[in-house]
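So the sequence shown is numbered by numbering that gives the first Met the number 0: it starts at 0 and just counts up by one.
Some hints could be false.
[Claimed, not checked] Restraint-style ranges between C-beta atoms, simulated for each label pair:
#1 Leu202 <-> Gly38: 49 to 59 Å
#2 Asp101 <-> Gly198: 42 to 52 Å
#3 Thr103 <-> Arg213: 55 to 65 Å
#4 Asp206 <-> Ala71: 44 to 54 Å
#5 Glu74 <-> His218: 11 to 21 Å
#6 Ser203 <-> Asp101: 45 to 55 Å
#7 Gly257 <-> Gly45: 26 to 36 Å
#8 Asp101 <-> Asp206: 24 to 34 Å
[As the list claims (entries may be wrong)] Computed list of lysine to any residue pairs in SDA-like fashion (alpha-carbon distance at most 25 Å, straight line):
#9 Lys58 <-> Lys118
#10 Lys121 <-> Lys243
#11 Lys58 <-> Arg10
Keep in mind the hints are simulated off the structure, nothing from the lab.
Here a beta-carbon is modelled for each residue, glycine too, at the ideal position from N, C-alpha and C.
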Amino acid sequence: MSIKTEEFAERFAGLVRGMSNDEVDALFAALGQVRLRAGETLLAYGRPSDTLYLVWEGKLAITLDAGGETVALGEASPGQWIGEVSLIEPGPASVTVTVLQDCTLLTCSHGDFERFGEKQPKAASAMHRILSNGLATRIRSSSTSVIAYDGEGRLILEQPSKTEKHRLRRLLGRLLGAGEGKIDLKELLRKTPALQGLGETELSALDHAMLVERYPDGHVFIKEGEPPGSIFLIIEGEVRVTTKLHGQSGVHVDHTMGPGEIFGLIGLIEHVRRTATCTAAGPVVVASLPSSAFTFLYNMHASLGYCFQRLVAVQLARDARKLNSVVLQALRDVLKGNIREGAPPCE
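Make a model of the complete structure from these sequences and hints.
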């Protein structure tokens, strides 16, 4: 099928938002194309995947499977896309995607996108931010859903009642509060994969933008419900992540983070209110990067903006994979009878 760049830009306006005409042309030139018939499987849960699929025409079903039962997560139609997690960080597919109606898909592999980022770092950074925003929204939405049956006996995700939310808020805190980085501040500049290839100018700019300070036991970095500000990297010591239990005055300790771990990423990307409280568990040394500094660096240094945005996107991709694993385990619990239909999930 012959597709013009102008048609592509119009149909996927949300994906190319902020790109110049030349950047859109470069992205379109990097895309492949594939056609599938109804009934074919595009992605199978757990199988290796590294590609973003843009739906040009047709319709696809997105599901999670376990023990012969299926959780319906949604559908993808023209103008939407599937596979951003695998594009950002190749790995096992988080869902199963099957073709409902004959479809034409535009494709972008991880390698293709990396090469596009090398040539067009500003455009790639903008695209990373858009994909990250979508992941963050999906994580928050899915993290406050539960397994239930629809009118036709199929398992679906639905919004929980108020009495069910206290268990799910703990999941939300785990998914949105902390990262998985395994580096300290010194390694951040040269050994973080997302920062590989940066020049001395960009590395120096990031080094100067991050503020390193010592904090006493009990210092609160992030308070649940407050507007976002900075993101933080732990250099020494530990930080406790807690959330309030629904309808109770106490708190629940979700987990403790240590050196090399990052927290506060989602707030930086989407400017959403904090979903957990992060407190120093003893004396700590932490590096912080205010959102204003990130915006400044993003605008001043295209390569740095792209690399750091990719780091954030990778974290969101990992969180999305974790979330799908939790949903799949909940489905298995339903099938085993550990969660009664129509009743709140067991603790």
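Each hint tested on the structure:
The hint said 49 to 59 Å for the Cβ distance between Leu202 and Gly38, and at roughly 51 Å that hint holds. Take Asp101 and Gly198: their Cβ atoms lie about 47 Å apart, and the range 42 to 52 Å holds. Checked against the hint of 55 to 65 Å, the C-beta distance between Thr103 and Arg213 comes to roughly 57 Å, which is consistent with it. As the Cβ distance of Asp206 to Ala71 is approximately 47 Å, the hint placing it in 44 to 54 Å holds.
Checked against the hint of 11 to 21 Å, the C-beta distance between Glu74 and His218 comes to roughly 46 Å, which is inconsistent with it. In this structure the hint that Ser203 and Asp101 lie 45 to 55 Å apart at CB holds, the actual value being about 53 Å. Restraint check, Gly257 to Gly45: a C-beta distance of roughly 30 Å satisfies the suggested window 26 to 36 Å. A C-beta distance of roughly 52 Å is found between Asp101 and Asp206, which places it outside the suggested range of 24 to 34 Å.
The straight-line distance between the Cα atoms of Lys58 and Lys118 is roughly 32 Å, outside the 25 Å bound, and the hint therefore fails. Restraint check for Lys121 and Lys243: not satisfied, since their Cα atoms lie roughly 39 Å apart, outside the 25 Å limit. About 15 Å separates the Cα atoms of Lys58 and Arg10, which keeps this hinted pair within 25 Å; it holds.
Checked against the numbered hints given earlier, this structure breaks hints 5, 8, 9, 10; the rest are met.
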